[in-house]
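Novice: Keeping their order, the protein sequence lines are chains A and B.
Per the working numbering, the first sequence runs over residues 10 to 273.
Per the working numbering, the second sequence runs over residues 281 to 591.
Don't take each hint at face value.
[What the hints assert, rightly or not] EDC-like, lysine to aspartate or glutamate: derived pairs with alpha carbons at most 20 Å apart: (1) A:89 to B:445; (2) A:28 to A:233; (3) A:154 to B:317; (4) A:174 to B:445; (5) A:39 to A:246; (6) A:131 to B:317; (7) A:154 to B:516.
[To be verified] Listed below are several chain B residues computed to face chain A (Cβ distance under 10 Å; list not exhaustive): (8) 440; (9) 441; (10) 443; (11) 455; (12) 466.
Hints in this document: simulated from the structure, not taken from any laboratory.
Cβ coordinates follow ideal geometry from the N, Cα and C atoms, glycine included.
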Amino acid sequence: MLEIKSISKTFNAGTVNEKKALDRLSLSLKEGDFVTVIGGNGAGKSTMLNAVAGVFPVDEGSIYIDGTDVTKLAEHRRAKYLGRVFQDPMTGTAASMQIEENMALASRRGAARTLRPGITRKERDLYKEQLKILDLGLEDRLTAKVGLLSGGQRQALTLLMATLKKPKLLLLDEHTAALDPKTAAKVLDATDRIISRDNLTTLMITHNMKDAIRHGNRLVMMYEGHIIYDVSGEEKEKLKVSDLMQKFEEVSGGRFANDRMILT
Amino acid sequence: MGLELVSLFNALPGACAQGLVWGIMAIGVYITYKILDLADLTVDGTMCTGGAVCIAMMMTGHSVGFSMFCAFLAGVLAGLATGLLHTAMGIPAILAGILTQLSLYSVNLRILGGKANQAISLDKYDLLVSLRWIRDVPFYKNTIFVVAVAIILLVAVLYWFFGTELGCSIRATGSNQNMSRAQGINTDLTKILGLMLSNGIVALSSAFLAQYNGFVDINMGRGAIVVGLAAVIIGEVVFGRIHGNFAFRLASVAAGAIIYYLVMQIVMWLGLLSTNDNKLLSAIIVAVFLAIPYLKGKYFTRVKKGGAGNA
Numbered sequence: 010m011l012e013i014k015s016i017s018k019t020f021n022a023g024t025v026n027e028k029k030a031l032d033r034l035s036l037s038l039k040e041g042d043f044v045t046v047i048g049g050n051g052a053g054k055s056t057m058l059n060a061v062a063g064v065f066p067v068d069e070g071s072i073y074i075d076g077t078d079v080t081k082l083a084e085h086r087r088a089k090y091l092g093r094v095f096q097d098p099m100t101g102t103a104a105s106m107q108i109e110e111n112m113a114l115a116s117r118r119g120a121a122r123t124l125r126p127g128i129t130r131k132e133r134d135l136y137k138e139q140l141k142i143l144d145l146g147l148e149d150r151l152t153a154k155v156g157l158l159s160g161g162q163r164q165a166l167t168l169l170m171a172t173l174k175k176p177k178l179l180l181l182d183e184h185t186a187a188l189d190p191k192t193a194a195k196v197l198d199a200t201d202r203i204i205s206r207d208n209l210t211t212l213m214i215t216h217n218m219k220d221a222i223r224h225g226n227r228l229v230m231m232y233e234g235h236i237i238y239d240v241s242g243e244e245k246e247k248l249k250v251s252d253l254m255q256k257f258e259e260v261s262g263g264r265f266a267n268d269r270m271i272l273t
Numbered sequence: 281m282g283l284e285l286v287s288l289f290n291a292l293p294g295a296c297a298q299g300l301v302w303g304i305m306a307i308g309v310y311i312t313y314k315i316l317d318l319a320d321l322t323v324d325g326t327m328c329t330g331g332a333v334c335i336a337m338m339m340t341g342h343s344v345g346f347s348m349f350c351a352f353l354a355g356v357l358a359g360l361a362t363g364l365l366h367t368a369m370g371i372p373a374i375l376a377g378i379l380t381q382l383s384l385y386s387v388n389l390r391i392l393g394g395k396a397n398q399a400i401s402l403d404k405y406d407l408l409v410s411l412r413w414i415r416d417v418p419f420y421k422n423t424i425f426v427v428a429v430a431i432i433l434l435v436a437v438l439y440w441f442f443g444t445e446l447g448c449s450i451r452a453t454g455s456n457q458n459m460s461r462a463q464g465i466n467t468d469l470t471k472i473l474g475l476m477l478s479n480g481i482v483a484l485s486s487a488f489l490a491q492y493n494g495f496v497d498i499n500m501g502r503g504a505i506v507v508g509l510a511a512v513i514i515g516e517v518v519f520g521r522i523h524g525n526f527a528f529r530l531a532s533v534a535a536g537a538i539i540y541y542l543v544m545q546i547v548m549w550l551g552l553l554s555t556n557d558n559k560l561l562s563a564i565i566v567a568v569f570l571a572i573p574y575l576k577g578k579y580f581t582r583v584k585k586g587g588a589g590n591a
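If we strip away everything but chain A, and leave its shape as in the complex, we get (with noise of 0.2 Å):
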């Protein structure tokens, strides 16, 4: 569903701020993959999904989605093939637009935008059975503003707008780091609901071990702009948070001692 073929970007290149973000990575996705990615900072994780989404071109390699290529391919155009939650909780929303209008908005990813109805009578009905789902009291507030809605609540109908259309590939960048404990286990069940309900492939950067060893079929980690450890399947249910922080010693020769702290 998604091929990455050794893709490479580097920041600011030719200056004393030049970061090499990605490093020839490669990554592989069946359908219905729910891989989880951890890394300490700077290791490339949301430099990885932004490429993917075409938030910036890379500077070699290639990016195939459902077999198409969309190296190339501008970032609202890559869109139609995507859902993306973002770590920040205003990023996600239009704060201005009612619920409806952000949900109709993304209802319409991919398609045209014409001079048809921005939203329907009969999306409106759509939408607050769809809203039902988060268990959030928002189908009583559709026409609410979404800057009045709280950061989690906001997390929530990202992720609801991401996957109201199926995308091919649903992109979550540490999408619950922003938000207080109880809130967000509250999100990512509502994310592992949506998932398998509609076996979505996915791609889940988080900073929290025992999410990403507990959540998916799949964990890579990533280290100095490539994947330095990937284990799926029954090896990946056995694992532990120790597992995963002695690679992260291994790799970086204890330089990751630092990031215990973000990484537990």
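Position chain B against the provided structure of chain A, taking the given hints into account.
Specialist: For chain B alone, coordinates are given in the frame of chain A:
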């Protein structure tokens, strides 16, 4: 005193008509400033281009309707220029607007045949509005009535448009560009479309203004953005508390322009300032209204405040 009051009341309908004409312009500014979240300075140029095109066309024998339509198109082109400078060439929006505005000065001179101004006679040409048609004419010919109808039509069309898929994508772009692109919206295109629509409306207002004044002047757009912003802000301050839909917001912008001109008229009548101080006064009005929310937030924040928080 009695006589002076009469002179004020005599001047009010004129101020009202002028406010309505500028209300159209302010609705154009609202599209960029409020909906797209861009400060577009092109309008200082477009506010002359529309009138210049309209009058030049009428003087070569075209009907008022067709001339005003062409004025609208000229504004649309100006918006396209700014839009391309901003999106395709990556120039910051403010600078892109300034570049177009500056070049429009030369373009406007060309349209006016190298002259700095051009009069058009109400007696010889079939104009739609005029400052002589404020009173003592049948109501359907009254400029206040004609422009008010134009605003109602404009608000109706915009209300429909910003409810369509395309209109919603323009609003989404102004609200959150990252989200818009993630939802497959071509934000470059929506910004260009918004700038085109906005400048088209401003040029239409300019065409009305030139007819109203009976002449077009190369400097008639100078500081237009400030008047437009003043109207938008006054409309927001005065009617913002009232819970209304999008059409109401647009109408309140037009009302803001009327209030602005009425206030200006009263200030003039008080004799404190002369017409020369017009621009200073409008700049101060805008500065004060823009500063109030900031200063309020800085010095008068109530500690306990309900509403949204981040979970």
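Novice: Holds or violated: residue 154 (chain A) with residue 516 (chain B), Cα cutoff 20 Å?
Specialist: holds, 18 Å
Novice: Given residue 443 (chain B) was flagged as interface, is its beta-carbon under 10 Å from a beta-carbon of chain A?
Specialist: holds, 5 Å
Novice: Please check whether residue 455 (chain B) passes as an interface residue: C-beta within 10 Å of a C-beta belonging to chain A.
Specialist: Constraint on residue 455 (chain B) satisfied, holds at 4 Å.
Novice: Run the distance test for residue 39 (chain A) versus residue 246 (chain A): straight-line Cα separation, threshold 20 Å.
Specialist: Distance of about 18 Å is within 20 Å: holds.
Novice: When the nearest CB of chain A is found for residue 466 (chain B), is that gap smaller than 10 Å?
Specialist: holds, 5 Å
Novice: For the hint on residue 440 (chain B), just tell me whether its beta-carbon gets within less than 10 Å of chain A.
Specialist: Residue 440 (chain B) check passes; min Cβ-Cβ to chain A is 9 Å, inside 10 Å.
Novice: Mind checking the CB of residue 441 (chain B) against every CB in chain A and telling me if the closest is under 10 Å?
Specialist: holds, 8 Å
Novice: Hey, residue 131 (chain A) versus residue 317 (chain B), does the alpha-carbon distance stay inside 20 Å?
Specialist: At roughly 31 Å apart (the allowed maximum being 20 Å), residue 317 (chain B) and residue 131 (chain A) break the hint.
Novice: Next pair to validate is residue 174 (chain A) with residue 445 (chain B); report whether the Cα-Cα distance is within 20 Å.
Specialist: holds, 16 Å
Novice: Would you check the hint for residue 154 (chain A) and residue 317 (chain B), treating anything up to 20 Å between C-alpha atoms as holding?
Specialist: holds, 17 Å
Novice: Are the Cα atoms of residue 89 (chain A) and residue 445 (chain B) separated by 20 Å or less?
Specialist: Holds - the C-alpha atoms of residue 445 (chain B) and residue 89 (chain A) are around 16 Å apart, at most 20 Å.
Novice: Would the hint linking residue 28 (chain A) and residue 233 (chain A) be met if the CA-CA limit is 20 Å?
Specialist: It holds: about 10 Å lies between the C-alpha atoms, which stays within 20 Å.
Figure legend: structure checked against the earlier numbered hints; the only hint not met is number 6.
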